[in-house]
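Be aware that the sequence shown starts at 6, since it is given in the numbering used here, and climbs by one per residue.
There may be inaccurate statements among the hints.
As the list claims (entries may be wrong) - Distance condition first, Cα-Cα at most 20 Å in a straight line; then the derived PhoX-like pairs of lysine-lysine: (1) K104 / K161; (2) K75 / K120; (3) K139 / K105; (4) K112 / K161; (5) K112 / K142; (6) K160 / K27; (7) K160 / K104; (8) K142 / K57; (9) K141 / K153; (10) K35 / K120; (11) K139 / K42; (12) K35 / K153; (13) K112 / K82; (14) K27 / K161; (15) K139 / K75; (16) K105 / K141; (17) K42 / K82; (18) K105 / K161; (19) K153 / K120; (20) K142 / K35; (21) K105 / K42; (22) K105 / K75; (23) K104 / K141; (24) K112 / K153; (25) K82 / K35; (26) K139 / K112; (27) K142 / K153.
Think of the hints as simulated: they come from the structure by calculation, not from any bench.
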Amino acid sequence: MKRKIIYLLISFFLISCGSERKEAIEYNDKIISEQNKIIEKAIAFTSSFETKNYRTIDSIRLILLLQIDKSIGEISKMESFEGYDSLRLAALDLFNFYKKVYENEFKEITQIITKDSLEITEDDIIRHNILTRKIKKEEISYDNNFQKAQQSFAKKYNLNINRNEYQDRLNEMRK
Numbered sequence: 006m007k008r009k010i011i012y013l014l015i016s017f018f019l020i021s022c023g024s025e026r027k028e029a030i031e032y033n034d035k036i037i038s039e040q041n042k043i044i045e046k047a048i049a050f051t052s053s054f055e056t057k058n059y060r061t062i063d064s065i066r067l068i069l070l071l072q073i074d075k076s077i078g079e080i081s082k083m084e085s086f087e088g089y090d091s092l093r094l095a096a097l098d099l100f101n102f103y104k105k106v107y108e109n110e111f112k113e114i115t116q117i118i119t120k121d122s123l124e125i126t127e128d129d130i131i132r133h134n135i136l137t138r139k140i141k142k143e144e145i146s147y148d149n150n151f152q153k154a155q156q157s158f159a160k161k162y163n164l165n166i167n168r169n170e171y172q173d174r175l176n177e178m179r180k
């Protein structure tokens, strides 16, 4: 009888662990899905630079900002996962950083890069370089915090983290 009870307890434990892991995967994937929606729009924004058309680039920037707001809303509605909130909060920090730079720095960059080549001044070039370096420097910090939170979450719930192809594409474009 004791053996049957022990087997039953072990079975329930294994089933509950599997369920917890599945829920952890879904939680992580929901956050990554929202990040990918933002990155997809950011890739479209960066690709639009080739047009040199302010209205085109700025309209894509505004669409990106709408997606960022929507993703912030989706992640804000999520609860912590079994008391673990670091991943969700790191995602919100990263998404709010995106919102800030696409509202401000990238708006200014758009104004600079859409000028006629004869209108661009040395000050414009310097300002563009300053803004670009500032964005990259800040993004590294937010991205590292997000990656650390995701790795910690993955370790806690025994998840495998795959490379994010969207992030790789965006990183390649920004080199």
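key: Numbers of the earlier hints that this structure fails to satisfy, in rising order   = Of the numbered hints given earlier, those the structure breaks are 1, 2, 4, 7, 8, 10, 11, 13, 15, 18, 19, 20 and 24, listed in rising order.
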